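Using this note's numbering, you'd call the opening residue of the sequence shown number 42 and step up by one each time.
Note that these hints are calculated values from the structure, not bench results. Remember, predicted model here, so these are calculated numbers, not experimental data. Please note that the accuracy of each hint is not assured.
Claimed, not checked - Computed spacing ranges between beta-carbons, pair by pair:
no., residue 1, residue 2, range
1, Arg-153, Phe-253, 28 to 34 Å
2, Val-142, Leu-229, 28 to 34 Å
3, Phe-376, Phe-237, 46 to 52 Å
4, Ser-164, Ile-297, 21 to 27 Å
5, Glu-260, Ile-396, 23 to 29 Å
What the hints assert, rightly or not - Listed next, the in silico DSS-like pairs over lysine-lysine satisfying Cα-Cα at most 30 Å (straight line):
no., residue 1, residue 2
6, Lys-264, Lys-122
7, Lys-244, Lys-257
8, Lys-401, Lys-82
9, Lys-296, Lys-257
10, Lys-401, Lys-257
11, Lys-401, Lys-244
12, Lys-264, Lys-401
13, Lys-120, Lys-264
14, Lys-244, Lys-264
15, Lys-122, Lys-257
16, Lys-120, Lys-244
Beta carbons: idealized from backbone N, C-alpha and C, even for Gly.
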Amino acid sequence: MEQKEKQFHLSWFFTWFLDNKAITVFLVTLLLGLNIFILSKISFLFIPVIDFLSVVMLPVILSGLLFYLLNPLVDFMEKHKINRVLAISIIFVIIAILLIVGLAVAIPNLQRQVVIFAQNVPSYLEDADKVIDDLVTKRLPDDFRPQLEQVLAQFSTQATAWASNISSKAVNWVSALISGTSQVIVALIIMPFMLFYLLRDGKGLRNYITQFLPNKLREPVGKVLSEVNQQLANYVRGQITVAVIVAIMFIIFFKIIGLRYGVVLGITAGFLNLVPYLGSFLAMIPALVLGLIAGPIMLLKVIVVFIVEQTIEGRFVSPLILGSQLNIHPITILFVLLTSGSMFGIWGVLLGIPIYASAKVVISAIFDWYTEVSGLYEQPKEESDRE
42 MEQKEKQFHL SWFFTWFLDN KAITVFLVTL LLGLNIFILS KISFLFIPVI
92 DFLSVVMLPV ILSGLLFYLL NPLVDFMEKH KINRVLAISI IFVIIAILLI
142 VGLAVAIPNL QRQVVIFAQN VPSYLEDADK VIDDLVTKRL PDDFRPQLEQ
192 VLAQFSTQAT AWASNISSKA VNWVSALISG TSQVIVALII MPFMLFYLLR
242 DGKGLRNYIT QFLPNKLREP VGKVLSEVNQ QLANYVRGQI TVAVIVAIMF
292 IIFFKIIGLR YGVVLGITAG FLNLVPYLGS FLAMIPALVL GLIAGPIMLL
342 KVIVVFIVEQ TIEGRFVSPL ILGSQLNIHP ITILFVLLTS GSMFGIWGVL
392 LGIPIYASAK VVISAIFDWY TEVSGLYEQP KEESDRE
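Can you build the whole structure from these sequences, using the hints too?
As structure tokens, then:
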């Protein structure tokens, strides 16, 4: 073993390349760039795979989310002498009952608020027009009125063109909506079966994967898979818990200040909060618009609600539930969200952070292995003797 290490350290490749950190970083970057270039040239080969993943992705993601939420409960019931399959069946029945009751209560309320909102859209537009007209005719200095009127006229022209463009594309959108709805229905049918088998056999998944590896790699790869699993579990459970709490807070606060459609806005804010940092700001937009239409006092109340909610979420909810489990800097999170979102759309926004956290675990493990094998990062003997 010592002879092999000595030969490795004395090899010309190690002496001229691996013993230089700058050259090592350059070589790794060059290889990554070469791989990306090659993949970009043969991307057409992956079209069937992408089409397949677009169908399979939704049920897999939904099953994975529910697995991380329900698996601790199944484990708890199994520890208390309840057969695992029976425990899963009991949980499924309880979820079905809660869904039926919840939908029976929530759907009429949501439907009523959506119908009322749709009926009031013309009056909202009239109110917005009055606010703008009042701003132009009474509150702005005379020097600014021509410029603002010109901007508003251009906006009106663009809005008309946009509306005609929408009407011309409506058929395509409807067909896309029908196709998307059919995919969602298929996913909802497949998802319970996938979830059942994940909950039943999820514990043996790591051993099933590592059994195909050489004996020396089974333990380290199994350790990496366990760490990735823990990272995903922490992220999914934490984000969903925070999103539910945020939705409840918004519904209560909007009810207190008397903002209309508070239930719809609260549920929307909860869903958007699944996107770290950006979701809360996106949730502000519809509430601020409705607050502005309702009047300056209501707008001020909505702003106060968001300040209070952000304070509670940032100071108490997120630190207590999420903490620093992922150990990712906020700037890194924003960069990952913007990059993955621009490349892969909504799926990139939703999956960018957990994929990055998983990749971070894998790359850290590879780097630790390389550090141990190469000996590049060992302390010089003189420094270790001084310590």
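Here is what the structure says about each hint:
no.: 1; hint: Arg-153 <-> Phe-253: 28 to 34 Å; in the structure: violated (55 Å)
no.: 2; hint: Val-142 <-> Leu-229: 28 to 34 Å; in the structure: violated (18 Å)
no.: 3; hint: Phe-376 <-> Phe-237: 46 to 52 Å; in the structure: violated (38 Å)
no.: 4; hint: Ser-164 <-> Ile-297: 21 to 27 Å; in the structure: holds (24 Å)
no.: 5; hint: Glu-260 <-> Ile-396: 23 to 29 Å; in the structure: holds (25 Å)
no.: 6; hint: Lys-264 <-> Lys-122; in the structure: holds (28 Å)
no.: 7; hint: Lys-244 <-> Lys-257; in the structure: holds (22 Å)
no.: 8; hint: Lys-401 <-> Lys-82; in the structure: holds (27 Å)
no.: 9; hint: Lys-296 <-> Lys-257; in the structure: violated (60 Å)
no.: 10; hint: Lys-401 <-> Lys-257; in the structure: holds (22 Å)
no.: 11; hint: Lys-401 <-> Lys-244; in the structure: holds (23 Å)
no.: 12; hint: Lys-264 <-> Lys-401; in the structure: holds (14 Å)
no.: 13; hint: Lys-120 <-> Lys-264; in the structure: holds (24 Å)
no.: 14; hint: Lys-244 <-> Lys-264; in the structure: holds (14 Å)
no.: 15; hint: Lys-122 <-> Lys-257; in the structure: violated (36 Å)
no.: 16; hint: Lys-120 <-> Lys-244; in the structure: holds (14 Å)
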